[in-house]
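2 protein chains.
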Amino acid sequence: MNSGWSQKCFINPEGPGPGDALPDTDRILRELYQKTEFQGQRIRFSAGALRSVSAVTRQGDWNLTVTLGFDGEQWVITRLEPQDTTSCHYGLCVDLGSTSIAMQLVDMETGTVKDEISDFNPQISYGTDILTRIFYAKDQPDHLEELRIATAKGLSDLMDALSRKNQVDLSACAAMIIAGNTTMIHFLLGLDAFCVFHTPYAPHTLAPDVYPAALLDIPMEGFVYCYPGKANYLGGDIISGLVAAGITRSDEIRVFLDIGTNGELAVGNREFLVAGAGAAGPALEGGVVRTGMRAAAGAVDQVSIRDGNIQIHTIGDEKAKGICGSGIVDLLAELFLEGWMDIRGKLNMDAEYVRLIDGEYAVEYAPGLYFYQSDIDEFLKTKAAASTMVEYMLRIIGLTLEDIQEFYVAGAFGTHISKESGVVIGLYPDIPRERLISPGNTSLIGARMMLLDRGKRDEADRLVEQMDYIQFGSVDDFLHLMTAATAVPHTDSTRYPSVMRKLEARKNKR
Amino acid sequence: MNSGWSQKCFINPEGPGPGDALPDTDRILRELYQKTEFQGQRIRFSAGALRSVSAVTRQGDWNLTVTLGFDGEQWVITRLEPQDTTSCHYGLCVDLGSTSIAMQLVDMETGTVKDEISDFNPQISYGTDILTRIFYAKDQPDHLEELRIATAKGLSDLMDALSRKNQVDLSACAAMIIAGNTTMIHFLLGLDAFCVFHTPYAPHTLAPDVYPAALLDIPMEGFVYCYPGKANYLGGDIISGLVAAGITRSDEIRVFLDIGTNGELAVGNREFLVAGAGAAGPALEGGVVRTGMRAAAGAVDQVSIRDGNIQIHTIGDEKAKGICGSGIVDLLAELFLEGWMDIRGKLNMDAEYVRLIDGEYAVEYAPGLYFYQSDIDEFLKTKAAASTMVEYMLRIIGLTLEDIQEFYVAGAFGTHISKESGVVIGLYPDIPRERLISPGNTSLIGARMMLLDRGKRDEADRLVEQMDYIQFGSVDDFLHLMTAATAVPHTDSTRYPSVMRKLEARKNKR
Numbered sequence: 001m002n003s004g005w006s007q008k009c010f011i012n013p014e015g016p017g018p019g020d021a022l023p024d025t026d027r028i029l030r031e032l033y034q035k036t037e038f039q040g041q042r043i044r045f046s047a048g049a050l051r052s053v054s055a056v057t058r059q060g061d062w063n064l065t066v067t068l069g070f071d072g073e074q075w076v077i078t079r080l081e082p083q084d085t086t087s088c089h090y091g092l093c094v095d096l097g098s099t100s101i102a103m104q105l106v107d108m109e110t111g112t113v114k115d116e117i118s119d120f121n122p123q124i125s126y127g128t129d130i131l132t133r134i135f136y137a138k139d140q141p142d143h144l145e146e147l148r149i150a151t152a153k154g155l156s157d158l159m160d161a162l163s164r165k166n167q168v169d170l171s172a173c174a175a176m177i178i179a180g181n182t183t184m185i186h187f188l189l190g191l192d193a194f195c196v197f198h199t200p201y202a203p204h205t206l207a208p209d210v211y212p213a214a215l216l217d218i219p220m221e222g223f224v225y226c227y228p229g230k231a232n233y234l235g236g237d238i239i240s241g242l243v244a245a246g247i248t249r250s251d252e253i254r255v256f257l258d259i260g261t262n263g264e265l266a267v268g269n270r271e272f273l274v275a276g277a278g279a280a281g282p283a284l285e286g287g288v289v290r291t292g293m294r295a296a297a298g299a300v301d302q303v304s305i306r307d308g309n310i311q312i313h314t315i316g317d318e319k320a321k322g323i324c325g326s327g328i329v330d331l332l333a334e335l336f337l338e339g340w341m342d343i344r345g346k347l348n349m350d351a352e353y354v355r356l357i358d359g360e361y362a363v364e365y366a367p368g369l370y371f372y373q374s375d376i377d378e379f380l381k382t383k384a385a386a387s388t389m390v391e392y393m394l395r396i397i398g399l400t401l402e403d404i405q406e407f408y409v410a411g412a413f414g415t416h417i418s419k420e421s422g423v424v425i426g427l428y429p430d431i432p433r434e435r436l437i438s439p440g441n442t443s444l445i446g447a448r449m450m451l452l453d454r455g456k457r458d459e460a461d462r463l464v465e466q467m468d469y470i471q472f473g474s475v476d477d478f479l480h481l482m483t484a485a486t487a488v489p490h491t492d493s494t495r496y497p498s499v500m501r502k503l504e505a506r507k508n509k510r
Numbered sequence: 001m002n003s004g005w006s007q008k009c010f011i012n013p014e015g016p017g018p019g020d021a022l023p024d025t026d027r028i029l030r031e032l033y034q035k036t037e038f039q040g041q042r043i044r045f046s047a048g049a050l051r052s053v054s055a056v057t058r059q060g061d062w063n064l065t066v067t068l069g070f071d072g073e074q075w076v077i078t079r080l081e082p083q084d085t086t087s088c089h090y091g092l093c094v095d096l097g098s099t100s101i102a103m104q105l106v107d108m109e110t111g112t113v114k115d116e117i118s119d120f121n122p123q124i125s126y127g128t129d130i131l132t133r134i135f136y137a138k139d140q141p142d143h144l145e146e147l148r149i150a151t152a153k154g155l156s157d158l159m160d161a162l163s164r165k166n167q168v169d170l171s172a173c174a175a176m177i178i179a180g181n182t183t184m185i186h187f188l189l190g191l192d193a194f195c196v197f198h199t200p201y202a203p204h205t206l207a208p209d210v211y212p213a214a215l216l217d218i219p220m221e222g223f224v225y226c227y228p229g230k231a232n233y234l235g236g237d238i239i240s241g242l243v244a245a246g247i248t249r250s251d252e253i254r255v256f257l258d259i260g261t262n263g264e265l266a267v268g269n270r271e272f273l274v275a276g277a278g279a280a281g282p283a284l285e286g287g288v289v290r291t292g293m294r295a296a297a298g299a300v301d302q303v304s305i306r307d308g309n310i311q312i313h314t315i316g317d318e319k320a321k322g323i324c325g326s327g328i329v330d331l332l333a334e335l336f337l338e339g340w341m342d343i344r345g346k347l348n349m350d351a352e353y354v355r356l357i358d359g360e361y362a363v364e365y366a367p368g369l370y371f372y373q374s375d376i377d378e379f380l381k382t383k384a385a386a387s388t389m390v391e392y393m394l395r396i397i398g399l400t401l402e403d404i405q406e407f408y409v410a411g412a413f414g415t416h417i418s419k420e421s422g423v424v425i426g427l428y429p430d431i432p433r434e435r436l437i438s439p440g441n442t443s444l445i446g447a448r449m450m451l452l453d454r455g456k457r458d459e460a461d462r463l464v465e466q467m468d469y470i471q472f473g474s475v476d477d478f479l480h481l482m483t484a485a486t487a488v489p490h491t492d493s494t495r496y497p498s499v500m501r502k503l504e505a506r507k508n509k510r
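For the protein sequence lines, the chains are W and R, in the order given. The first sequence: position 19 = 19 (the working numbering), numbered continuously. The second sequence: position 156 = 156 (the working numbering), numbered continuously.
If you're looking for bench data, these hints aren't it; they were derived computationally from the structure. The beta-carbon is built from N, C-alpha and C at its ideal position, and this holds for glycine as well. There may be inaccurate statements among the hints.
As the list claims (entries may be wrong) - Partial chain R-side listing against chain W, Cβ under 8 Å, derived:
hint: 1; residue: Gly19
hint: 2; residue: Arg44
hint: 3; residue: Ser54
hint: 4; residue: Leu191
hint: 5; residue: Ala202
Stated by the list, open to error - Anything over 10 Å on all C-beta distances counts as not near chain W; from chain R, calculated:
hint: 6; residue: Asn232
hint: 7; residue: Arg290
hint: 8; residue: Leu356
hint: 9; residue: Lys381
hint: 10; residue: Ile397
Chain W on its own, in the form it takes in the complex:
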């Protein structure tokens, strides 16, 4: 017995016979109602499943498998199949990101991930950045519909690929769970997302409910649940992540930091939950860096300086084409430890790899590839924003870093950057490293947890309900704190004893 959003049951009721004229549907329901998971529930047939009842019961001589999806209120029989097909029971969970969409094919019986796939979000053809898309669709129903269809196509293309690869018919899936930010959910549902980015930031909806997949043009017989959001910049992707991190199930206090296109932060436990969001992301992902690039083949993703030489690693071991987020964090950490960049983030013009290019100092981190002083300044401002969010939030709650038992750094960024480098540049606090946890794609993990446990829906709703949302931008104090955090690792170096020790050790080595 699973407690997920879909169920498959093999049944073999008696067929009709002399003196027994019970309708077919009653025969099927009678068997299902005997099962503990459906006791006291109401089950209905989808029109499609109902239409197949005659053919299926005859084909299998009343040996049949019933697929049920949960529509948010009750169970719906979405498909009937002859014979026992319960061993083939899959559900889908999705991280619907602005840039890419990740989808997992989950075995609903074992809870294991059978396959995972991801691809760019087809919305990209309407603009790589989200604002371009929003303005494209604003007040233009045809354009909005294009974006809606593109979103649905992104999902159905991934389903097609998973179907082919795994030789399963995914139209039979009865459940899909989607975690996406507020704008992505607006586009999925066909809602104009201008409100998400425009004062007073009142989204059209934050509680998208459960929809028949067909109504969203997703080629599946079952239902789609989208994680609810808390606010325009704190969407279902973060709520899903917080469920994944178990923040409200924990007695100890946890920090959840997600750095993607934006930065989102939550601090809490079973008792309380405070969250906020800020524009922390693009710079960290290499967005504003002149030779920055996404983590793709040819991107410098690891940097170290040994014996005065910069050593790099590139994704796919290809010729370096640019630098991605994890490479930047490594590079800045190494520049600082090596003394090529000072606490203010200024390049040391005497260092061997530092050159004057077009009137600006820059470090040549790979042959012909430069990281400029202005890139560093920009990047440090952004890392300051991220770390200040943490500092500021702990302060208003009245906590210190010692109170934090687990510090989750979610998302692809958190997964790929080196914890040590993150601490050295002051992006992360200097806490015992085992408390710094990079769980991976928490949106997707939370979506999978939801898929396998309907009870998580209440957890998500309660989490949204109990969450206090603060807007960082609106606080004067915030900018002041941020300036201090722009230093490497921080103006107040006593906060970073392990970094100071490392700096000393490196100095002694030279």
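Here the structure of chain W is known, so what remains is to put chain R in place on it, guided by the hints.
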């Protein structure tokens, strides 16, 4: 406040403003949840209504009207409209018959019928009789789909006609209630109906539930409820009729007799309910009569004999083309009272209008139109079947005619035939005439009552639950009783004192 299957509410929530970023959907729901009819309920948005939220709220400057349909479990917002449109709030109820479909446009606020329309069921092009259609669709999914689409088209054509005539957009309707026999509901849902007519008579379903209209190809944003049935030959049309007749709401015992293509009978009150069905119909409607016809222009619908002359009335006052059910009942009653036909139903060959045609006696009821002895024999067998159903059922329950407070004769047949003639030929029992009630199309009336009162759903379910269903055909005794009932009005003429008095009076007059 109405308690029907759809609601329209005018609301004017505050729009978003500085410091107030509540999502649009929450603003709308907050207003609705304040209304008593939605307290403690859960309301969700249809995908379509949700998509319109931005445009509608802006167009009406947050003055908007919400249409809600009941999906059987909860309320669904099916449409948003700018400004106050609550005065235009309609629902649809349908009698889905094998021959014709009748539809009423009901004002949900006043409960009045704004318009009514009917037309032939387009399934007729696949066979005028129901068995031909069933065999056409049997084991042929394409053919079954043709019949399903024809059924949906029948409904949508009537909607179109009502839309045009009344200048209302019926796609905005949030509720349609359908009463139909088991076969009609099977075809509506796309189910092979062979099971309905073939042993062991186990239908695919008798509890069709509530479906989004779109899934049934009915061009409406709301939901379709179909009355449940009790058995293959006792479908939702009869359950609807019984709700209309209030049989289970009555302290006194009522009889409900519906004579259509089949004959259905129920006897009961608040305490008990027994029902059964039999093949009583076609002959009574003129189906097996050589010059029989449906009640259309040119049909003889009233007959009397005055001073030895047959006087007729035709529908539309046109030249007589044939004779319909009410004409036949009148004709036989008058032939009997005039002494031109004896108690065994045999024509008196000495009577002026009786002629020998092709070796068979026949009465020339209109110039060149004959009603044959074999027609009479067939018709009397069928009237015997109908009246015996009543006699037999009262006997097994242990009741007499004196116990019956109200005797409903439902359907078009009951509406059009003369009560007096019905009693004279022994189709109806000889009870005080005010107890013989012809309420009209009870299927349609029951559908309208349901449309206006969701509470009737429980009544219908309980009615089906508490009903004891008996099969007349399977009883030996039945045939014996029927033979006695073939006489006019009955072998035991003491049961028909008023008819005997009338016979005496007429004799004295001659």
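Let's test the interface hint: is any C-beta of chain W closer than 8 Å to that of alanine 202/R? holds, 3 Å
Minimum Cβ separation between lysine 381/R and chain W greater than 10 Å? holds, 27 Å
Classify the label on leucine 356/R as holds or violated, using whether its beta-carbon is more than 10 Å from each beta-carbon of chain W. holds, 48 Å
With a cut-off of 8 Å, does the beta carbon of serine 54/R approach a beta carbon of chain W closely enough for the hint to hold? holds, 5 Å
Far enough from chain W: is every CB of that chain over 10 Å from the CB of arginine 290/R? Check passes; 36 Å lies beyond 10 Å.
Non-interface claim for asparagine 232/R: all C-beta distances to chain W beyond 10 Å? At about 7 Å from chain W, asparagine 232/R fails to clear the 10 Å cut-off, so the statement is violated.
Using the nearest Cβ pair, does arginine 44/R come within less than 8 Å of chain W? At about 5 Å, which falls below the 8 Å cut-off, the nearest Cβ of chain W leaves the hint on arginine 44/R intact, so it holds.
Quick check on the hint: glycine 19/R CB to chain W CB, less than 8 Å? holds, 7 Å
Please check whether leucine 191/R passes as an interface residue: C-beta within 8 Å of a C-beta belonging to chain W. Leucine 191/R check passes; min Cβ-Cβ to chain W is 6 Å, inside 8 Å.
For isoleucine 397/R, is the shortest CB-to-CB distance to chain W above 10 Å, so the non-interface label stands? holds, 22 Å
Violation of the numbered hints given earlier is confined to hint 6; every other hint is satisfied by the structure.
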